[in-house]
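**Student:** One letter stands for each residue in the lines below.
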Amino acid sequence: MTPAQRESPAQQFGPGERVRVRRAYPPGHLRTPWYIRGHSGVVERVCGAYPNPEELAYARSGLPAQPLYRVRFLQHEVWPGYRGNAQDSLDVELYQHWLEPA
Amino acid sequence: MHAHHDHDHPHPTQPDTTDALSYYQVMEVALRELLIEKGILSADQVRRQVEDMDSRTPAHGAQVVARAWSDPAFKARLLADGNAALEEIGLERGPYKLVVVENTPASTETGPGVHNVIVCTLCSCYPRWLLGLPPDWYKSRSYRARVVHEPREVLSEFGLDLPADMVVRVHDSTADMRYLVLPARPAATQGWDEQGLAGIVTRDCMVGVALPKP
Numbered sequence: 015m016t017p018a019q020r021e022s023p024a025q026q027f028g029p030g031e032r033v034r035v036r037r038a039y040p041p042g043h044l045r046t047p048w049y050i051r052g053h054s055g056v057v058e059r060v061c062g063a064y065p066n067p068e069e070l071a072y073a074r075s076g077l078p079a080q081p082l083y084r085v086r087f088l089q090h091e092v093w094p095g096y097r098g099n100a101q102d103s104l105d106v107e108l109y110q111h112w113l114e115p116a
Numbered sequence: 280m281h282a283h284h285d286h287d288h289p290h291p292t293q294p295d296t297t298d299a300l301s302y303y304q305v306m307e308v309a310l311r312e313l314l315i316e317k318g319i320l321s322a323d324q325v326r327r328q329v330e331d332m333d334s335r336t337p338a339h340g341a342q343v344v345a346r347a348w349s350d351p352a353f354k355a356r357l358l359a360d361g362n363a364a365l366e367e368i369g370l371e372r373g374p375y376k377l378v379v380v381e382n383t384p385a386s387t388e389t390g391p392g393v394h395n396v397i398v399c400t401l402c403s404c405y406p407r408w409l410l411g412l413p414p415d416w417y418k419s420r421s422y423r424a425r426v427v428h429e430p431r432e433v434l435s436e437f438g439l440d441l442p443a444d445m446v447v448r449v450h451d452s453t454a455d456m457r458y459l460v461l462p463a464r465p466a467a468t469q470g471w472d473e474q475g476l477a478g479i480v481t482r483d484c485m486v487g488v489a490l491p492k493p
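Chains as they are written, first to last, in the numbering used here: chain A, 15 to 116; chain B, 280 to 493.
Among the hints, a few may not be true.
Derived, one-sided and incomplete: chain B residues facing chain A with beta-carbon distance under 8 Å [unchecked claim]:
id, residue
1, K354
2, H450
3, D451
Straight line, CA to CA, 25 Å or less: simulated SDA-like cross-link-like pairs of lysine to any residue [unchecked claim]:
id, chain 1, residue 1, chain 2, residue 2
4, B, K376, A, R74
5, B, K418, B, G438
6, B, K418, B, E429
7, B, K418, A, L70
8, B, K376, B, R423
9, B, K418, A, W48
10, B, K492, B, P414
11, B, K354, B, Q469
12, B, K354, A, G62
13, B, K376, A, L77
14, B, K492, B, H339
15, B, K354, B, V305
16, B, K492, B, G438
17, B, K354, B, P337
18, B, K376, A, A71
19, B, K376, A, E21
20, B, K376, B, D323
21, B, K418, A, R32
22, B, K354, B, P493
23, B, K376, B, R482
24, B, K418, B, R335
25, B, K376, A, G62
26, B, K354, A, C61
27, B, K418, A, Y96
28, B, K354, A, R86
29, B, K376, A, E69
30, B, K376, A, G76
31, B, K492, B, P442
32, B, K418, A, G42
33, B, K376, A, L44
34, B, K376, A, P29
35, B, K376, A, H111
36, B, K376, A, R32
37, B, K418, B, V305
38, B, K376, B, G438
39, B, K376, B, A352
40, B, K354, B, Q342
It is worth saying that the hints were derived from the structure and are not from the lab. From the three backbone atoms N, C-alpha and C, an ideal C-beta is built for every residue, glycine too.
Make a model of the complete structure from these sequences and hints.
**Tutor:** Here it is in structure tokens:
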């Protein structure tokens with residue numbers, strides 16, 4: 015593998031930016047919970063770049079490392095009929111390749 | 280009452296565990312035996328690892344919380360970089376990035392109070408190097424499935440009823456971060472030393488399903 019292939023993709027989103035989780039259902043080992051796919055939230059922080067667990071699970075290198083974000087969702091937007099404060103939130107760690115601008 | 284009672288009738292004996300091993304237990308034993316047979320690991324190394332894991336307890340986390348309550352500058356550093364703060368007080372930095380989330384009371388400046396609770400809906404991610412092994416309920420399907428969508432009901436079942444105007448933040452530990460809840464310091468602990476403070480910080484307070492009680 016060349017150094018260029020190992021290079022992490024550029025960070026696409028910053029804190030406060032609105033993102034949507036891809037509504038995709040590929041097979042394999044995934045770290046994106048089913049319940050959050052298709053929902054949009056706001057980047058709470060950028061966590062750094064980490065080897066892709068979808069590759070690591072099959073004993074591959076997981077490189078290039080994927081930028082990882084903590085994204086904050088509003089509970090009442092995720093769960094129909096949510097009972098609680100309108101500001102109650104749910105933070106999920108998501109890799110960049112699962113996110114698109116919203 | 281005495282410890283052994285002598286009498287002439289037999290009691291039914293409690294059988295030793297006779298449950299057959301599950302598929303994954305058999306796989307674990309087979310893999311471990313193979314690694315030992317091939318000289319990759321020794322039985323003593325495996326034992327030491329188990330011993331090391333079992334020696335980790337929530338007392339380490341309580342020490343961190345007590346320091347944060349006593350030293351505002353340390354608290355700021357802990358919230359900014361959890362791992363560096365652990366190292367600063369002589370604890371292991373840890374193999375994962377530590378994100379510390381702070382419970383805050385309502386105030387006129389910062390707005391409504393915030394309560395944080397941690398879950399790993401995918402498996403059982405937990406800051407083991409800091410708190411030891413996670414409790415069984417943390418790994419249970421019902422906690423993992425429910426606390427993400429009805430946190431107030433689940434917390435209430437733990438005996439924690441939160442006011443409606445308090446914001447509840449659930450953190451799903453789905454990837455490379457590990458989480459520690461920094462509870463709010465109870466007002467009644469004014470003047471306490473760090474050791475006394477650490478004594479009221481339980482494991483459940485640091486997962487976010489309970490509050491410290493002086």
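**Student:** Indicate, hint by hint, whether the structure satisfies it.
**Tutor:** Hint check results:
1. Nearest Cβ of chain A to the Cβ of K354(B): about 18 Å, over the 8 Å cut. The hint is violated.
2. Hint status for H450(B): holds, given a least beta-carbon distance of 5 Å to chain A, under 8 Å.
3. A hinted interface residue such as D451(B) counts as satisfied when its beta carbon comes closer than 8 Å to some beta carbon of chain A; here the least separation is about 5 Å, so the hint holds.
4. Pair hint K376(B) plus R74(A) holds up; C-alpha atoms about 22 Å apart against a cutoff of 25 Å.
5. The hinted pair formed by K418(B) and G438(B) meets the criterion: a straight-line CA distance of about 19 Å does not exceed 25 Å.
6. Between K418(B) and E429(B), the direct Cα distance comes to roughly 17 Å. Compliance with the 25 Å bound is thereby established for this hinted pair.
7. Straight-line distance between C-alpha atoms of K418(B) and L70(A) comes to about 23 Å, which keeps the hinted pair within the 25 Å bound.
8. Distance check on the hinted pair: K376(B) and R423(B) sit about 21 Å apart at the alpha-carbon level, within 25 Å; holds.
9. Under the criterion of a C-alpha separation no larger than 25 Å, the hint pairing K418(B) with W48(A) is consistent with the structure, at around 18 Å.
10. This hinted pair checks out: K492(B) and P414(B) have alpha carbons roughly 20 Å apart, not beyond 25 Å.
11. Between K354(B) and Q469(B) the alpha-carbon distance is near 17 Å, which keeps this suggested pair within the 25 Å criterion.
12. Restraint check for K354(B) and G62(A): the C-alpha separation of about 22 Å stays at or below 25 Å, so the hint holds.
13. For a cut-off of 25 Å, the pair hint linking K376(B) to L77(A) stands: about 19 Å separates their Cα positions.
14. Taken as a hint, the K492(B) and H339(B) pair is honoured in the structure, with Cα atoms around 18 Å apart against an allowance of 25 Å.
15. Pair hint K354(B) plus V305(B) does not hold up; C-alpha atoms about 45 Å apart against a cutoff of 25 Å.
16. Distance hint between K492(B) and G438(B) is fulfilled; the C-alpha atoms sit about 13 Å from each other, no more than 25 Å.
17. Under the criterion of a C-alpha separation no larger than 25 Å, the hint pairing K354(B) with P337(B) is consistent with the structure, at around 18 Å.
18. Taking the CA atoms of K376(B) and A71(A), the gap is about 20 Å. The hint holds against a cut of 25 Å.
19. Our distance criterion of 25 Å between C-alpha atoms is met by K376(B) and E21(A), whose separation comes to about 21 Å.
20. For the given pair, K376(B) sits about 29 Å from D323(B) by alpha-carbon distance, which is inconsistent with the 25 Å threshold.
21. Under the criterion of a C-alpha separation no larger than 25 Å, the hint pairing K418(B) with R32(A) is inconsistent with the structure, at around 31 Å.
22. Restraint check: the Cα-Cα separation between K354(B) and P493(B) comes to about 20 Å, which is no more than 25 Å; the hinted pair holds.
23. Between the alpha carbons of K376(B) and R482(B) the distance comes to roughly 19 Å, so the proposed pair stays at or under 25 Å and holds.
24. A distance of roughly 18 Å separates the Cα atoms of K418(B) and R335(B); the hinted pair therefore holds under the 25 Å criterion.
25. A threshold of 25 Å between alpha carbons decides the hint, and for K376(B) with G62(A) the separation of about 10 Å falls inside it, so the pair holds.
26. For the given pair, K354(B) sits about 20 Å from C61(A) by alpha-carbon distance, which is consistent with the 25 Å threshold.
27. Only pairs whose Cα atoms come within 25 Å are accepted, and K418(B) paired with Y96(A) is accepted, the gap being roughly 24 Å.
28. As the CA atoms of K354(B) and R86(A) are separated by approximately 23 Å, the hinted pair is consistent with the 25 Å bound.
29. Pair hint K376(B) plus E69(A) holds up; C-alpha atoms about 20 Å apart against a cutoff of 25 Å.
30. About 18 Å separates the Cα atoms of K376(B) and G76(A), which keeps this hinted pair within 25 Å; it holds.
31. With a C-alpha separation of about 17 Å, the suggested pairing of K492(B) with P442(B) holds against the 25 Å cut-off.
32. Proximity of K418(B) to G42(A) is assessed by CA-CA distance (about 22 Å); at most 25 Å being required, the pair is judged to hold.
33. For the given pair, K376(B) sits about 20 Å from L44(A) by alpha-carbon distance, which is consistent with the 25 Å threshold.
34. Between the alpha carbons of K376(B) and P29(A) the distance comes to roughly 18 Å, so the proposed pair stays at or under 25 Å and holds.
35. Distance hint between K376(B) and H111(A) is fulfilled; the C-alpha atoms sit about 21 Å from each other, no more than 25 Å.
36. Taking the CA atoms of K376(B) and R32(A), the gap is near 24 Å; set against the 25 Å cutoff, the hint holds.
37. At roughly 21 Å between alpha-carbon atoms, K418(B) and V305(B) fall within 25 Å of each other, so this suggested pair holds.
38. For the hint linking K376(B) to G438(B), the alpha-carbon distance of about 30 Å lies beyond 25 Å, and the restraint is violated.
39. Restraint check for K376(B) and A352(B): satisfied, since their Cα atoms lie roughly 20 Å apart, inside the 25 Å limit.
40. For the proposed pair K354(B) and Q342(B), the alpha carbon gap of about 12 Å is at most 25 Å, so the pair holds.
In summary, the numbered hints that this structure violates are 1, 15, 20, 21 and 38.
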